[in-house]
Amino acid sequence: MMDSPMEKARRLFHIENRTVVNCLSEFYGTMLLLFLGISIVHQFDLSHKQLNTWIQINLGWGFTIMFCVYTCSKTSGGHLNPAISLMFYTIGKLPLAHVLYYIIAQVLGAFVGTALAYSVYLDQTYHVLGNARIVAGPNGTASLFTSMPAPHLSNTIAFWDQQR
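The numbering of the sequence shown is the numbering used here, which starts it at 4 and goes up by one.
Because the hints were derived from the structure by calculation, they are not lab data.
The beta carbon of each residue, even a glycine, is placed where N, CA and C say it ideally should be.
Hints may be right or wrong, so weigh each one.
Cut-off 25 Å, straight-line C-alpha distance, at most; resulting in silico cross-link-like pairs (SDA-like, lysine to any residue) [stated by the list, open to error]:
id: 1; residue 1: Lys-77; residue 2: Tyr-92
id: 2; residue 1: Lys-77; residue 2: Ile-58
id: 3; residue 1: Lys-52; residue 2: Gly-40
Label-pair ranges, simulated between beta-carbon atoms [what the hints assert, rightly or not]:
id: 4; residue 1: Asp-6; residue 2: Met-90; range: 40 to 50 Å
id: 5; residue 1: Lys-96; residue 2: Ser-7; range: 30 to 40 Å
id: 6; residue 1: His-130; residue 2: Phe-70; range: 21 to 31 Å
id: 7; residue 1: Tyr-92; residue 2: Lys-52; range: 16 to 26 Å
id: 8; residue 1: Gly-65; residue 2: Tyr-129; range: 27 to 37 Å
id: 9; residue 1: Ile-107; residue 2: Ser-7; range: 16 to 26 Å
Let the hints inform the model, and build the full structure from the sequences given.
Have a look at this one:
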């Protein structure tokens with residue numbers, strides 16, 4: 004009896020080791036989270052805040068987190084964040100060896116997701132912001148990838164603001 008191409012692919016890519024499956028799930032979920040979330044921010048900033056509004060960014064991130072957690076929750080638990088993996092370790096739900104593997108997979112997934120978003124929006128970034136690359140200001144690119152405190156805030160106020 005001939006196997007279908009789908010059955011052949013299923014046998015070829017079937018992984019027995021649950022730790023490897025969980026780490027791949029965390030890698031994929033974190034990669035997708037960062038790719039979609041950073042893409043939302045790129046759409047907002049590179050359109051000079053005309054394509055969507057602030058609430059759409061928040062809803063987009065919320066739905067992205069929900070989608071990514073649901074995507075990998077049945078295999079690895081959908082941690083997607085080293086802090087969540089450490090929390091599961093501290094309450095005894097995850098062995099230390101798995102925590103280390105999860106964190107490595109999550110960090111690698113974050114780098115790959117960010118690199119994918121960067122490569123997708125690279126031409127648009129050059130078109131809108133030109134060749135100059137600066138961290139902050141009207142043509143700053145750091146805010147495309149991370150949250151930045153306002154230039155007028157002192158370090159003390161910025162620190163306490165993030166504690167809330």
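Consistency of the hints with the structure:
{"no.": "1", "hint": "Lys-77 to Tyr-92", "in the structure": "18 Å, holds"}
{"no.": "2", "hint": "Lys-77 to Ile-58", "in the structure": "30 Å, violated"}
{"no.": "3", "hint": "Lys-52 to Gly-40", "in the structure": "16 Å, holds"}
{"no.": "4", "hint": "Asp-6 to Met-90: 40 to 50 Å", "in the structure": "43 Å, holds"}
{"no.": "5", "hint": "Lys-96 to Ser-7: 30 to 40 Å", "in the structure": "39 Å, holds"}
{"no.": "6", "hint": "His-130 to Phe-70: 21 to 31 Å", "in the structure": "29 Å, holds"}
{"no.": "7", "hint": "Tyr-92 to Lys-52: 16 to 26 Å", "in the structure": "40 Å, violated"}
{"no.": "8", "hint": "Gly-65 to Tyr-129: 27 to 37 Å", "in the structure": "30 Å, holds"}
{"no.": "9", "hint": "Ile-107 to Ser-7: 16 to 26 Å", "in the structure": "35 Å, violated"}
Figure legend: structure checked against the earlier numbered hints; hints not met, in rising order: 2, 7 and 9.
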